[in-house]
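*Asks:* Listed here are the chains, written in short residue letters.
2 protein chains.
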Amino acid sequence: MLKTYTPSEAQQTILRRRRGGDNPYPQSLLNGLTERFGPGSTPESAVSAILDSIRTGGDPAVKKWSSELDGASLDSFSVPQARFEEAYRSIPEDLRQALKTSADRIRAFHERQPIPSWTTTELGGTVGQRFTPVQRVGIYVPGGTAPLPSSLLMSVIPAQVAGVPDILVCTPPEPDDSILAAAYLCGIKTVFRIGGSQAVGAMAYGTKTVPAVDKIVGAGGLFVTLAKQQVYGIVGLDGLAGPTETMVIADASANPAWVAADLLAQAEHDPLASAILLTPDAGLAASVAAEVKQQLESLSRRETILLALENRSGVVITGDMDTAVKLANDYGAEHLCLAVEDPDSLAENLHNAGGIFIGEFSFEVLGDYAAGPSHIMPTSGTARFASPLNVLDFVKLTSIVALDPDTCRRLAPTAARIADAEGLSAHSAAARIRLADPAGENNVD
Amino acid sequence: MLKTYTPSEAQQTILRRRRGGDNPYPQSLLNGLTERFGPGSTPESAVSAILDSIRTGGDPAVKKWSSELDGASLDSFSVPQARFEEAYRSIPEDLRQALKTSADRIRAFHERQPIPSWTTTELGGTVGQRFTPVQRVGIYVPGGTAPLPSSLLMSVIPAQVAGVPDILVCTPPEPDDSILAAAYLCGIKTVFRIGGSQAVGAMAYGTKTVPAVDKIVGAGGLFVTLAKQQVYGIVGLDGLAGPTETMVIADASANPAWVAADLLAQAEHDPLASAILLTPDAGLAASVAAEVKQQLESLSRRETILLALENRSGVVITGDMDTAVKLANDYGAEHLCLAVEDPDSLAENLHNAGGIFIGEFSFEVLGDYAAGPSHIMPTSGTARFASPLNVLDFVKLTSIVALDPDTCRRLAPTAARIADAEGLSAHSAAARIRLADPAGENNVD
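Each protein sequence line maps, in turn, to chains A and B.
Each residue of the first sequence is one higher than the last, beginning at 1 in the numbering used here.
Each residue of the second sequence is one higher than the last, beginning at 1 in the numbering used here.
The following block holds chain A by itself, in its conformation from the complex (with noise of 0.2 Å):
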């Protein structure tokens, strides 16, 4: 079930990153959009449609879609107040701690981001670049088969260490206790039962409910990500997510077990999830696909996990380490996990990934609760240019320019003789007027 390629092989298949127009939509998904939007209709247009029907009609076109596409009928969007430790009580004491532990380590390790501020004067005067938070921001916990309160401590607990004064949270109706009790836990006090893409849009747009905010992360279905494309710019985003993946990169020090859990891990996520591993020896790849095979029996999503294996995973025979490196830095992955002899030394040489899982006990799915950073992290090769989620998503840089006198006189035909260049006669007026101009002097202190 886990198919084995070359290297050439692989890039033409699994590791073949697409840059646009090359995933049709499935037909059935199409028919169902032509039913409700019209003929002719795309998910594009129909996220547009609830976009600009929210845009113009607010809360109750937040309603309607709700009712439409969840099925929900609410009076109210907001969690009541009393509901959150209502749930942070129900959940079990073992779920409790382990959500604490959980907080407790992303906090531990987001504080130790630093926001790097600065200013010098050795330019003259001072200039520098000032961080703030971001004032309001939206986050996005998907709901749907698997609720996910490791989500909203992913992407609450950097917003907070950020210093964000302002945090909602939409999630689709009804969530699941251990995503209110994340909340709780978190001291989130506004969630919103709304989900898909007229989530997105209440966000952006502002109803009277769900106040406009500034910024909108966390991942979701193609709806929510459809709708994310559209309002950017609007408001800011943490990116585009797809479907999650896992690569490996195992030599034969590794434990073909644990790597094995490792790749099913990630393939019980979805079927369009990619489990790949990268190995130079074809003595731990058999041994690997056998582990596979057996540890398999005794999952709950089978099936999730034989789609995943079949459609976008597999073990890549490599010839040597380079070939790896240099496929892990081309594909750009999710998670990238070394279990080689010397993972500290080959992890030198990748640079493009979310996060590098180094040595065995660095296994992906700690890093999906427990190991620090933010389980967000850029999908289908966006690694190429994207972060995982971190403190710096919620703040945002402005310019210092303090100039003295002296220096200001001293850039200013610089500046006049750049501007005639550039047929910019008032930009080059204004540079010459403090040149000219020594009543500009009374001005300064």
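Hint data in this document are derived by calculation from the structure and do not stem from the laboratory.
Check before you lean on any hint, since a few could be wrong.
[What the hints assert, rightly or not] Pulled a few chain B residues facing chain A out of the computed Cβ check, cut under 8 Å:
no., residue
1, R55
2, G355
3, A412
4, T414
[As the list claims (entries may be wrong)] Output of the computed footprint for chain A on chain B, the stretches with three or more beta carbons under 8 Å from beta carbons of chain A:
no., region
5, 289 to 300
6, 358 to 367
7, 388 to 400
If you're wondering where the values come from, they're calculated on a predicted model, not measured in any experiment.
For each residue, glycine too, the CB sits at the ideal point set by N, CA and C.
With chain A fixed as given, assemble chain B onto it according to the hints.
*Replies:* Below, chain B alone, put in the same frame as chain A:
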């Protein structure tokens, strides 16, 4: 020509930030699109058609659109190597010097920006965040009526400081010598004569001539911006640029001639540019208005300035300074200039702005060319969540997780417990196998 507003009038007009939907395109633009792209075409659908055609058609499609939209008939998109030095030699000596002064200062500023990679061993094993450069960046430098060599310097240099190994530039045919001279000055060797959405498409999807990039930065016109939005997620972006804005907060201590010059410099960019003065001092407002009228007479871009002053510019009499601060934070200006008695303490309270120019010697035009920070700053209120272009735009971080066996065993039960609550049994199994399988110890050095 510089209208005066009360704060509440201004909030309904010149200070109003719309979240989508309220800016219908001019009929003349739509008519032009219908002719070329068919009935019912919008700028969005036209850009989508151009991008699709380049994704599937490569260089010949780029050539076709360059010919149709820019009237360019090019045998090759690449600027020949010899042209760079030739252009550099051909521009006037004082302009060459000015570009050099500007480049040196931009570089000196960005070289001081910290790249906050870090690790800690305080949490068990090693965890942290490692920043590495984006590997290939495409920079769009607008052409049009005002060739902007400064835009090349302001985007290329932060990328170079970040260590991006492969930087390419697209700019409309035929680039001004000043742009090629700026490229030469920075050591850029790859400039493609491609403009508009076809440049974005070529860089996002790659063609035989133009390699696919990881990130696209730089501002352009409507078609560039729409194309960037549509390729968001396939490549990284710096943001979506709207019309430029300068807000000046001034009190009685300000020099009215200087304030007027700064507003006029802003207004000459674009008929949709905003030049806004906030002041509690009606006397200053009157003096500035008189200066604007007088200085305008000698400026070459008078028609553009008049339109800009009419459309989205004006003076707001704020009653007190606190009101000015509140309006400025709500507006989130690209450029925020403080011409007041004590600008430093005012700056402390301002948190939404691309750049804060503190004191009248730190005028905005210096920021355009020579102060040091990039002049590519967030517009349209996106300073609520976005930053000026800076070195961090050209790096991405990878989370590092290198736990020791003890920490792994301490955290594995937490991971397993939350995985169970989330219904992810293979996740739970991957954690429990680390606890159960003593053979794992043999795999650790």
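*Asks:* With reference to the structure, classify each hint as holding or not holding.
*Replies:* For each hint, the structure was consulted:
At about 5 Å, the closest approach between the beta carbon of R55(B) and any beta carbon in chain A falls short of 8 Å, and the interface hint on this residue holds. Hint on G355(B) holds. Least Cβ distance to chain A is approximately 4 Å, under the 8 Å limit. Taking 8 Å as the C-beta contact cut-off toward chain A, the hint placing A412(B) at the interface holds, the least distance being around 7 Å. Taking 8 Å as the C-beta contact cut-off toward chain A, the hint placing T414(B) at the interface holds, the least distance being around 4 Å.
With 4 residues having a beta carbon nearer than 8 Å to a beta carbon of chain A, the region 289 to 300 of chain B meets the requirement of three or more and the stated coverage holds. Proximity of the region 358 to 367 of chain B to chain A, defined as three or more residues with a beta carbon under 8 Å from a beta carbon of that chain, is established by the 10 residues found. Chain A is given as covering the region 388 to 400 of chain B, and this holds because 8 residues of the stretch bring a CB closer than 8 Å to a CB of that chain, at least three being needed.
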